[in-house]
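Please build the complete structure, drawing on both the sequences and the hints.
Top line first, the protein sequences correspond to chains P and F. Following this note's numbering, the residues of the first sequence are numbered contiguously, the last one being 189. Following this note's numbering, the residues of the second sequence are numbered contiguously, the last one being 70.
Derived from the structure by calculation, the hints contain no laboratory data. Treat the hints with care, as some may be off.
[Unchecked claim] The calculated lysine to aspartate or glutamate pairs, modelled on DMTMM-like cross-linking and capped at a C-alpha distance of 25 Å, are:
1. P:Lys173 - P:Glu163
2. P:Lys184 - P:Asp61
3. P:Lys184 - P:Asp117
4. P:Lys184 - P:Asp67
5. P:Lys173 - F:Asp22
6. P:Lys173 - F:Glu24
7. P:Lys173 - P:Asp117
8. P:Lys184 - F:Asp22
9. P:Lys184 - F:Glu7
10. P:Lys173 - P:Glu100
11. P:Lys184 - P:Glu64
12. P:Lys173 - P:Asp61
[Stated by the list, open to error] Partial list, computed: chain F residues near chain P (C-beta under 8 Å):
13. Leu4
14. Pro8
15. Arg17
16. Ala20
17. Val25
18. Leu27
19. Met32
20. Met33
21. Gln34
[Unchecked claim] Across the chosen pairs, the derived CB separations fall in these ranges:
22. P:Ala101 - F:Leu27: 11 to 21 Å
23. P:Thr124 - F:Leu23: 40 to 50 Å
24. F:Met1 - P:Asp156: 42 to 52 Å
Since the structure is predicted, the reported quantities are computational estimates derived from the model, not experimental observations. The C-beta atom is built at its ideal place from N, Cα and C for all residues, glycine as well.
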Amino acid sequence: MTLASAGCVSPLQRSVAEQTLRADGGYRIIPSLAVPAVRGVEGCGAQALATVLAYGDASADSAELADGLPWHEVGATPIDLLLAARDRGREAAIARGSWEALAGHVARGQPVLIMFDAAPQVQTLTGRIPTSRVMHWSVVSGVAADGSQVLLAARDARHHVVERDDFLRRWSKSANCMIVVTRKDEEEP
Amino acid sequence: MTQLGYEPQAARAAASRLTAADLEVLLANPQMMQAAGALSATAQANIMGILIVGGIVALGIAGSASVMIN
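Structural data, given as structure tokens:
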């Protein structure tokens with residue numbers, strides 16, 4: 001009976017249109033993040049870094065940037081992303097993040113790269129069945145004003161909405177790894 | 001770094017470009033030293049396995065219950 005009500009849910013399965021979230025009024029959102037499509041089975045590192053590199057640069061095309069990054073069939077490490085951002089003339093800083101730090105960057109309009117466990121969660125009436133860890137790069141694109149949810153950038157002007165507790169549990173699997181990429185003329189991360 | 005898949009030479013080159021601040025964070029947080037990709041085929045297979053086994057158990061429970069009712 002328990003398993004009959006089981007669900008297999010990843011925080012990245014569903015997304016909400018930015019327009020809908022704006023109309024709701026309960027979110028602080030970094031607008032117009034261009035999340036590109038990527039080729040290959042492990043392209044999230046290229047996708048996330050390209051999104052951040054293209055942000056605020058009218059001449060940049062995130063799809064072209066992603067295409068020029070090497071990680072499409074292999075995963076990307078934090079070192080890969082740090083060095084690739086610096087190779088492209090950006091400041092990049094890695095840190096052990098916190099909810100407060102994320103909210104602060106969102107308030108300053110700085111999208112943040114994060115690594116977290118995106119594994120689908122198999123939920124039953126009696127609890128959660130552990131599944132293999134699936135580490136994933138994503139871009140924090142907003143937070144709920146009441147601190148209850150985080151937004152992760154999705155394609156086509158959409159955002160994944162993740163409950164704070166679920167997000168913090170998943171983020172802890174990377175020791176709250178976060179990378180802030182800024183232009184050299186921008187405020188230091 | 002070689003455990004993460006870097007060739008020894010590439011590992012040395014990458015490490016030499018990291019700043020003291022980078023190294024401080026990475027060494028204090030070894031869980032950060034992993035590669036992240038999208039849902040891998042292995043992980044999806046594991047999850048499908050759990051769901052299939054779960055489905056078999058659920059069908060078994062449902063089957064036993066119907067026999068008892070009859």
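* Asked: Checked against the structure, which of the hints given earlier come out wrong?
  -> 3, 9, 12, 14, 16, 18, 24
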